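Below are the chains, spelled out letter by letter.
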Amino acid sequence: MACCPSGHPLPGPARPCAACRRDALIRHAAGVAALPAVVAAAAVDAVITSPAVLRALSGALGADPDMLAHGRGRWPGDWPPS
Amino acid sequence: MAGRLAAELIARGSATLTPAACTRCGRAGIPLFLTPAGAACKACTARQRAGSCAHCGVVKPLACRDGQGQRICERCRRHHRGQRECGICGKTTPIAVRARDGSPDICANCYRLPSAVCSKCGKYRECNFAATSRPVCPSCSPRVTAACAHCGNDRPPAARWPEGPVCDPCYQAALRHRGPCSACGQVRRLVAPPGPHASTCAGCAGIPVTHTCASCGIEDKLYEKGRCERCSLRRRARQLLSAGTGTIPSHLSGVFEAICTARVPKSALNWLRRSHGAELLAAMASGTLPATHEALDAHPRRRAADFLRHMLTVGGVLPPRDQALARTGQWAGSVIEAVQPAASRQVARAYATWQVMRRLRASAGRAARPRTYTAHAHRNIHAAASFLAWLHSRGIPLAVCGQADADAWLATGPAACQVRDFLSWAAAHGHCQHFTLPARARADGTAASQEQRWALAARLLHDDTLDPTDRAAGCLVLLYGQQLSRIATMTTSQVTTRADTVHVCLGDHDVPVPEPLGLILTELIRAGRTHADTGSPAASPWLFPGMLPGQPITASRLGQRLNRMGIYAMAGRRAALTDLAAQLPSAVLADLLGLAPNTAVHWMRQAGGDWSRYAAELAQTRHHQP
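So the protein sequences, as listed, match chains P and D. Residues 4 to 85 (the numbering used here) are what the first sequence spells out, left to right. Residues 741 to 1366 (the numbering used here) are what the second sequence spells out, left to right.
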């Protein structure tokens, strides 16, 4: 089975690793919120209801890392439409 | 989602994050969208997206694009979405409930919530959740409240503006808040800075101009279809009077203008929408009801017909008619019809026709008044009919009625002596014998004390919170001893200003009016009464216009208004005339106040004054030669 560099099993040959994305999100959230990783993981798991949500949130935070701090950013459905 | 994640982190103890809030209205905990000015909630984003709707042309938040790719507002989107014929009202409108199991499509206007006993108020009415164990009527349904950014009251917000939530009264007031812009000087709606102290118009503040009338372009609270109240009124009045043809009959053009120039357009719109008078007017415009006094007399809804009669008279559609006289004639006919037997009815009819009504017509013809005083005629006819009914109940024909019978009738009550006029007439025309009947005793009544009078007058003169109508009318009673019936029919021409002094003409001469009563009278003429109703002329000759178009206020209504303030007209008038009669000779009093000479002498005697040597003293003082 194909694995990502972190050793997570990949669902398909061309799909990025969801577990790595979640880990990155938890690390980012824990850093911004100044919370332990366990607490940040619980918060992330409460929000992430589907892989699509995880992808959208990761993409949004990747584009604007300060989004959590400032409560602003661009995500699908933003105005103005691109 | 980022907002939700931030909220979750904050809930778990993060001290470095703050709840994301809309940069415009400040609300947190709601989805935010990125705008050039920062993150904004959906409502604020929509407000920023305001533009000209491709369909209605109104500048407002745009909802979507139509089939041609043009941007349209939410109202037009709803209007143009799928519409079907309502199975109840038959109109082609948006459907609220689809047809199912044999029941037809129901439009949003016809749809009614199912009824149930509200779990909050306990009343049986239309409820949400009617099928559940806890139905709630719309009145009891919980509504989110917030502190209004304008007035501070905790009310359901009608809008959320940059300054915060705004309650409905403040929302309405803000849309109507007009004044000279501090930047451009034009009289426009003032919107910036946000809040009740706005001083700049939207154009100067760089904010999209919204809520502008599609017809006249005025910035105002819109009433319907993007139009202000005044333009909506004109459109609806035209619709009503043209009977669907688009052309208003020429003889109704005056009525159309009178409706359109109503002082309060909303009131006129309500009249058009739900009054029976408007239905009658529509029937006249379509030709199904003839535009005559007789047609209105025959209509069962008398008040609506009378209101419309005055409107049509002012508009020149109907010729003027003495309504009180006509009404008394109709009333007398109905009263006499009930008199039994036929012989007595014939006598009563002759009395009403040839004595009472003839006298009334002569009185109306002698003095041109807006209203003929018919109370005395009513009392006489009523007394005659009652007396004849009393005789009939005792089996006594009028021809054989004796003095003892008349005395027995007089003992039935204080109003029985009103029959004196009828019996005098009947005896003079050979219908009965001559009777000796005492005249009704005239009570002088009580007068207010001078302390009460001056206290009330001081309040009327100096309390600016009172209605100018009440202030002026009350002062004319308390200071000049005028009757309510005369005050009610005063015209604006009776008040003149010469050399910075206001004069009022109550009798043969102008009387200077001291301030601040002069100011009150001039203000009353300038501003007019605020409640002049639909169809009233723009400029009224009356100092106290009434609710009926073209008519002055009635004396009884004026009395009611004064009573509410603790002013009793008869007592106040007696106090004023007693005071004035003690200071002035009767001839001067009669000339200045428009009293009959005998009445002035009566008041002088009541006041205990003796001006019999006035002329001689005046001649001596001024060294007049005989």
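Bear in mind the hints are in silico, worked out from the structure with no lab data behind them. Since the model is a prediction, treat every value here as computed from it, not as a measurement. Wrong hints could be hidden among the right ones.
What the hints assert, rightly or not - Residues on chain P that point at chain D, a partial pick, calculated with CB under 8 Å:
hint, residue
1, Val35
2, Gly62
3, Gly65
To be verified - Here are some chain P residues the structure puts well away from chain D; computed CB gaps all over 12 Å:
hint, residue
4, Cys7
5, Gly10
6, His11
7, Cys20
8, Cys23
9, Asp26
10, Ala32
11, Ala46
Backbone N, C-alpha and C define an ideal beta-carbon position, used for all residues, glycine too.
So, going through the hints one by one against the coordinates:
1. Val35: Holds, about 7 Å.
2. Gly62: Because about 10 Å separates P:Gly62 from the closest Cβ in chain D, which is outside the 8 Å limit, the hint is violated.
3. Gly65: Violated - the Cβ of P:Gly65 stays beyond 8 Å from chain D, reaching only about 12 Å at its closest.
4. Cys7: holds (23 Å)
5. Gly10: holds (26 Å)
6. His11: Fine: 22 Å to the nearest Cβ keeps P:His11 off the interface.
7. Cys20: holds (20 Å)
8. Cys23: Its Cβ never comes within 12 Å of chain D, the nearest being 18 Å, so this holds.
9. Asp26: Per Cβ check, P:Asp26 is outside 12 Å of chain D; nearest 15 Å; holds.
10. Ala32: Violated: least Cβ distance 6 Å, not greater than 12 Å.
11. Ala46: The assertion about P:Ala46 is violated, with a minimum of 4 Å to chain D.
The earlier numbered hints that this structure contradicts are 2, 3, 10, 11.
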